[in-house]
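Visitor: What follows is the residue order along each chain.
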Amino acid sequence: METDILVIGGGPAGMSAAITADRAGARVILVDESFSLGGQLRQQTQHFAPLPGSEEKVRGTALGNDLIKKLEASKVKILKKHIMIGSYRNENIGVTDGEKTFAIQSQKNIIAPGAAEKAKIFPGWTIPGVMTAGAAQILINRERVLPGKNAVMLGSNDYSLEVARQLKACGVTIKAIVEDKEQMISSDMELLHDMKNVPVYLNSTIESATGKEELNKVVVKTPAGLYEMEADLICIANGFDPIIEPFEIMGCNLAYHKELGGWLPEYNVYFQTSNPSCYIAGNAAGITTIGPVLLTGEIAAIGALEELGFMEQEEAEAQRKELWKELAEIEKRENEKTFRARSELIEGFHQKIGMAFPEEFNMVNGGAHNG
Amino acid sequence: MQITEHPVLDKKFNEEVIFYFNNQSLKAKKGQTVAAALMANSIRKLGASRKLNKARGVFCANGRCTSCFVTINGLEHVLSCTTLVEEGMRVSSNESDPDVRGESNGN
Amino acid sequence: MDKSTIVCRCEEINIDEIETAIKNGAETFDDIKRLTRCGMGPCQSKTCFYPVNEIIAEYTGMPLNEVSLPRLRMPLKMVRMSTLAQDSEGSNVVSVFGESVEDGES
Ligand SMILES: Cc1cc2nc3c(=O)[nH]c(=O)nc-3n(C[C@H](O)[C@H](O)[C@H](O)COP(=O)(O)OP(=O)(O)OC[C@H]3O[C@@H](n4cnc5c(N)ncnc54)[C@H](O)[C@@H]3O)c2cc1C
Ligand code: FES
Ligand code: FES
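Residue numbers (our numbering), protein chains in the order written: chain A, 1 to 371; chain B, 372 to 478; chain C, 479 to 584.
Bound conformation, chain A alone (with noise of 0.2 angstroms):
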């Protein structure tokens, strides 16, 4: 199989990236493991906002469900249930159905295969009731099933909160919130209200989770002593990290950033790593909020775009400026640290590789470090 660019996930990043190269006249590929498109916004059913270019407030799946209708009705080669497991000697892209293997040879990758969430163990953690948040919201909204009836949320920060609110409201009792760190991560004001019945237990770990087959008693050891209580979900909240094999794969150098989510592949103000055939966008690219996954998605594909002649430089120039702009203004607002984060690992790779850096980074860059 052949095409101009691939895109690899499904997600928003990966159906950004793909329907503005299909918009430039590019044969684009994407591949997801899926059955569906949609990646993780087909659990998210909190809303979001700012959006590139609006304010309004969008719920999760239905902007999912949008980008999955554009792109259905774009001329992008859509392959699901196909996942990527390696690559060629010479670079083409191995992918499976589950059948049969076969290599895509493709001018532009553009990788986006988002984030996985942290495991935290404690004593018990591989017992049946014990699983991550994100499973837990998944079951709720994608499956619409019960994961259990009394929850024990591990870990304070806004997802473990946001999770907590949705079981909630789908009959699951929160018999308790359980954090390590001597307060709440989580500061978001409605979150923390929504929650205000629920005990919390600080400085405080999981000291046993145990069941005959599944889950059924957990011992919280808090400053105070140990509290036992009956409960048959332990979801564990433990952050987000961007997820790096494919890039490993085609050879991409890595970085450690900790506020990006820890290791993740270098990358320029084009979002292309240090393999020239790879670019990468979402949160693969650095665990940030819905506005910047779709921005990078499509700053990705314009540099793709540019590259192999689909649009001319100065437009992609153009196009870029606005939206880096964009991004530099909702990161900054939504998370300051992870924009400037973002600009040191950018600017590190520049100096690494001896780029320059082009007139449009430099100004929404400079913002970064002034304000």
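It should be emphasised that the hints constitute simulated quantities derived from the structure, not laboratory data. You may find that some hints are simply not true.
[To be verified] Straight-line Cα separation of at most 25 angstroms, DSS-like style, residue types lysine-lysine; simulated pairs:
{"id": "1", "chain 1": "A", "residue 1": "K221", "chain 2": "B", "residue 2": "K425"}
{"id": "2", "chain 1": "A", "residue 1": "K69", "chain 2": "B", "residue 2": "K401"}
{"id": "3", "chain 1": "A", "residue 1": "K81", "chain 2": "A", "residue 2": "K70"}
{"id": "4", "chain 1": "A", "residue 1": "K258", "chain 2": "A", "residue 2": "K196"}
{"id": "5", "chain 1": "A", "residue 1": "K120", "chain 2": "B", "residue 2": "K383"}
{"id": "6", "chain 1": "A", "residue 1": "K70", "chain 2": "B", "residue 2": "K425"}
{"id": "7", "chain 1": "B", "residue 1": "K401", "chain 2": "B", "residue 2": "K425"}
{"id": "8", "chain 1": "A", "residue 1": "K69", "chain 2": "A", "residue 2": "K81"}
[Said to hold, decoys possible] One side only, chain A facing chain C, incomplete, derived with CB under 7 angstroms:
{"id": "9", "residue": "K80"}
{"id": "10", "residue": "I83"}
{"id": "11", "residue": "I85"}
{"id": "12", "residue": "G86"}
{"id": "13", "residue": "P123"}
{"id": "14", "residue": "E248"}
{"id": "15", "residue": "Y256"}
{"id": "16", "residue": "F349"}
Positions of the beta carbon are idealized from the N, C-alpha and C atoms, including for glycine.
Given chain A, put chains B and C with the ligands in place with the hints provided.
Guide: Structure of chains B and C with the ligands alone, referenced to chain A:
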């Protein structure tokens, strides 16, 4: 347990399917994964670990952790969280780890 | 935490085994992997990599960014041998996981 009235989302699944878990016949919704179909029937133990023989179930629901392995229509070590349930499917719990280094796999 | 707590779910390797490996000189995930099988299960360390690196960092005092990543091998995700053998282009499927073949470490 199945959620019949979701607090914010519209009804998604209309069609019912019958499948089997360890020879027991169960109902599920078409469009659900095998892992969810089992959970809808209050089954959360999907298998046992090889070394310590401990119960295992869904952990990531994202096809990454392999904690949800089951056997489907005779094929062992299928990820139940990323496989859709089908009418008449025969699912059984996973009682051993995949033998990735075994001779049967050419190593 | 109880030292018998599992860290690698797939291979059921506990904290004690990992700390023993570190005591015996392991400094990276891959060292631990060679000594204990931790990370060699069907998820190929996607689940245990983070907690293992945390243990290394804590035990050795090394910051997390200096603890190196496990070396990745193809295929990226679990695939059946029959699937790999069914290469439609026939020619060079071995190169999909040629690396491991080449290293001869498996
Ligand atoms: C379980 C979970 C829940 C989350 N919930 C929230 C939330 O509530 N709020 C929030 O702000 N963020 C959440 N996130 C973060 C999430 O990453 C972003 O919300 C957003 O979806 C990122 O978009 P993306 O396009 O970068 O990645 P994703 O949406 O993750 O999309 C990546 C896509 O790539 C595909 N893929 C990955 N590897 C391969 C491969 N090798 N071959 C083929 N396809 C592949 C995946 O199937 C997926 O569809 C969650 C993440 C996870 C893992
Ligand atoms: S639950 Fe993790 S792979 Fe299925
Ligand atoms: S958890 Fe260690 S290899 Fe899967």
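Visitor: Against this structure, judge whether each hint is valid.
Guide: Hints, one by one, checked against the model:
no. : hint            : verdict
1   : A:K221 / B:K425 : 24 angstroms, holds
2   : A:K69 / B:K401  : 22 angstroms, holds
3   : A:K81 / A:K70   : 20 angstroms, holds
4   : A:K258 / A:K196 : 30 angstroms, violated
5   : A:K120 / B:K383 : 33 angstroms, violated
6   : A:K70 / B:K425  : 46 angstroms, violated
7   : B:K401 / B:K425 : 30 angstroms, violated
8   : A:K69 / A:K81   : 18 angstroms, holds
9   : K80             : 15 angstroms, violated
10  : I83             : 5 angstroms, holds
11  : I85             : 4 angstroms, holds
12  : G86             : 4 angstroms, holds
13  : P123            : 5 angstroms, holds
14  : E248            : 4 angstroms, holds
15  : Y256            : 4 angstroms, holds
16  : F349            : 16 angstroms, violated
Hints 4, 5, 6, 7, 9 and 16 from the list above are not met by this structure, while the remaining hints are.
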